[in-house]
Amino acid sequence: MSDQALTRNFCIIAHVDHGKTTLSDRLLQATHTVSDRKMTEQHLDSMDLERERGITIKAHPVTMEYKAKSGTVYRLNLIDTPGHVDFAYEVSRSLSACEGALLIVDAAQGVEAQTVANVHLANKQGLKLIPVINKIDLPNADVETVKKQLEDVLAIPGDEAILASAKAGIGIEEILEAIIARIPPPPVFPDDYTRALVFDSLFDTYRGVVTYVRTFSGELKTGTPILLMGSNLRYDIKEVGIFTPKPIRTESLKAGQVGYLIANIKTTADVKIGETITNAQKPAPEPLPGFKNITPMVFSGIYPIDTSEFEQLKVALGKLQLNDAALTYTTESSVALGFGFRCGFLGLLHMEIVQERLRREYQMDIIATYPSVVYEITRTNGEVLMIDNPTQMPDPSVIESIAEPMVRAFIMVPNSNIGDIMQLVMEKRGICEHTESLDAKRVMLRCEIPLNEILVDFNDRIKSITRGYGSMDYEYAPYRISDMVKMDMLVNAEPVDAFSCIVERSKAEGRGRHIAAKLKEVIQPHLFKIAIQAAIGGKIIAREDVKSVGKNVTAKCYGGDISRKRKLLEKQKEGKKRMKSIGSVDIPQEAFIAVLKSET
Amino acid sequence: MIRHLYVHVPFCAKVCPYCAFHVHLGGAAAQRDFVAALRTEWQRAREEFPLALDTIYFGGGTPSILSAELFAELACEIAVERANHPPQEFTLEVNPATVTEEKAAAWRAAGVNRISLGAQSFDAGMLQLLGRQHEPADIAPTCALLRQHGFTNINIDLMFALPGQCESAWEETVQSALACRPNHVSAYALTYEEDTPFFQRLQRGEYQQDEPREIAMFERTRELLGAAGLIDYEISNFARPGFESQHNLAYWRGADYLGLGPSACSTIGALRWKNVPNTAAYQERIARNESVREEREEIDAATRAKERIMFGLRMREGVAREEFLTDPARLEKLKSDGFALEEAGQIRLTPRGQLVADSVAAIFV
Ligand SMILES: Nc1nc2c(ncn2[C@@H]2O[C@H](COP(=O)(O)OP(=O)(O)OP(=O)(O)O)[C@@H](O)[C@H]2O)c(=O)[nH]1
Ligand code: SF4
Ligand SMILES: [Mg+2]
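As you go down the protein sequences, you meet chains A and B in turn. Heads up, the first sequence is in the numbering used here, so the first residue is 2 and it goes up one at a time. Heads up, the second sequence is in the numbering used here, so the first residue is 217 and it goes up one at a time.
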């Protein structure tokens, strides 16, 4: 049999936490790819952050050798993918590197919103699905119901499902046999042009950019001159190899294989996900389908707390970007915060990850401003501009209209929570477009909601309303014109730019009040009264006062211990250095965090 | 020339739960060893520094706990110095209920001419809460006994803003203190010092601070004592004119002073240090002929200036306007906001400014 006939490329798709990574662990063990001794839990989640949060952020490919019951040895390429919506595009590229997918469904949770979304994606790519009902060891596992859901919600025959427990190691061999029997081998192209799909990349300090590829036709070899068909960049391959899951150098990557290549590519931004690599001397006539430039959807300002650390922050962001091409940043400055960066993210999780990595891996003390989406502003003279920062907002008198990005959200909830969820959607200025019963117990709501409304706590609210049984997935939808206004926060009549935000008019007052109350909690009393106000244009819509210091006087200085008293005062003053002084008011760092965390 | 001497006696009959000084219990033997060490420290110091003592202050702790005999021994040692330069003010901190005829006579003989009496409160409940050893009824007789022995210059220490203390109880305490006809009253708001049981109780929520009530007490204190002719020459200190504590004024005006005993501080020229705040270590080092000084600190001109503002603003006499040369704008703001005022070239705090003296001082440190 040809190499291609003995190869299977597949990925694992599931709703968050249904057990993708744990199942991969079992497959690695069953195929002796990783010895039991070396096995760690969540083996493929190699980043600290991934392990700690129990989520997969980057795609993790691995090549396994499996000796089937028939005695034939197959090469199985597995790609573990991130499950979170922020990374939906990456997931779709990982899917297109495969011919089939294991669809994992948690036996206790059943089919959830991302299960549905992922199945749709997989179907679009024409992947063969193998349903796996996982976690059957759980006492509340309900296999029959899940089978019924597979049929009702996803039109997948329930008897195709393999029953498994990734934790207890049940059903693993059956899954491996099914991969061979049910997933087709890589297709054979009628020509011999080289075509390889980039589905991820990472920056390695020693080796430079490591590009993750799936070869569809032709061959990649050390020395091959290559052309990236999207960016038109040319390189010579320095090394190719496969993941075991450690990268291991090989002779070549033949058609149908999954592995990596190293060329003298400088940053991951040069090899975009979805890019097609071909032989520069004999380029393929057409690139592989599906390439698109991903653009950040959420923006936030990131500033060093210590203004002298600006350069360090810049270096840290640069290093992060080497590995995370979706992250964008440009310098910006704020009256309140000094010099920093406007950063663009795929979504909120992506934003949190970047901030956490800055803090943890680069030991940066940072302040992040309230996240903003990108607004489309039409001026009265017809000019259109896109803004991602409230400070760029033109004067209202020259604005014809403001449009905001929307998402189409798919929310799957138990019947008994429909009312509350609809209420939540309305509160978030959303519209329910469609309601569909999935089975006797659950419905799927399809809603249009402004992206800015789901930025902070939407998913958490769904989870708490449904006691964990609800789930959500979303895709981006066209912009919609809304009545947006810029709200400023004034501290003793001075606007603090870092607290400004763009909100829908009807929500401004509530939000203004909320921020004012939060600021009141964290701003220490001064010698004078401090007014905290929320304002739209010149109109004050909310106000809180921080009372002045009532009494602050040490009773006694004893025994000539003058230094002690002076040092106490010096300490008070030292604390103030870590604050931002706006006008004559000292605003502590927590204020910026409190405002960021506050949602109404 | 050093004109001011402080002596720290670290013994107390019982340690009060709000106290953050270096104090501990100590019987007759411990006291004897301590006095011996202190005498050695004194002998060394007088060889090291030129002295002409205007004020002597025995604090602690409870220096009145020392037996008449030990006190006389110590005072004799220091008396050598006083022979040709008798100090104007020699203060002894005294706890009510530690005074006997014998001790009072010994103090008088040694030259003590000012008594600072740690009365703290005239309310039995409050004294108990403060963990004090005496009862309200002990205070007036103690004063009487002291007067019999010729002590006419008496200060009474009082504390307010105590947990659960109401304004009227505080007024009664002030009135009872005035009935003892002191020349001087120190009225301190309770400070919750870290590492004290009081602080922990506050943290646990067993005690609450009540700012409006503290402010009311603070203001009422000024009224009551002022009406009795005791002028607030410093935020917490009130005296009949001419009876201000010269020793404390010296600290606040930035004079040099020498401190003896464990935890005592000294400032001499550009140097400041603190003696090791541990009696055993203090005695050991004295025995081994080693230095007992720690936390040495260089006090440059800028620091001295800061300190003069910090302490000067707390006094009625204020600080010369020239001292604020580096920060005239801030000073003007304080004046226009009503926290400070200027009189004959001197800057001092207004009553409103006194209440926030630390916040004001923090601007200039
Ligand atoms: N009881 C039981 N628990 C399981 C089983 N498989 C996975 N889990 C647990 O389910 C949780 C989620 O498993 P993961 O493998 O991290 O899930 P994932 O799908 O990779 O999650 P994301 O990468 O965040 O999408 C972990 O706590 C696992 O230990 C199983 O078969 N039985
Ligand atoms: S008597 Fe004075 S020095 Fe002694 S423990 Fe009580 S407060 Fe402290
Ligand atoms: Mg995972």
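Be aware that a few hints might be false.
[Claimed, not checked] Simulated DEER-style distance windows between Cβ atoms:
hint	chain 1	residue 1	chain 2	residue 2	range
1	A	514	B	426	25 to 35 Å
2	A	361	B	425	46 to 56 Å
3	B	410	A	364	38 to 48 Å
4	B	420	A	523	18 to 28 Å
5	A	523	B	347	48 to 58 Å
[As the list claims (entries may be wrong)] Heads up, simulated BS3-like pairs for lysine-lysine below, C-alpha to C-alpha not over 25 Å straight-line:
hint	chain 1	residue 1	chain 2	residue 2
6	A	552	B	230
7	B	230	A	568
8	B	522	A	566
9	A	552	B	549
10	A	574	B	551
11	B	230	A	129
12	A	548	B	549
13	A	572	B	522
14	A	574	B	549
15	A	255	B	230
16	A	574	B	522
Hints are computed from structural coordinates only; laboratory data are not their basis. Note that CB positions come from ideal geometry on N, CA and C, so glycine has one too.
Index of numbered hints that the structure contradicts, given in increasing order: 2, 3, 5, 6, 7, 11, 15
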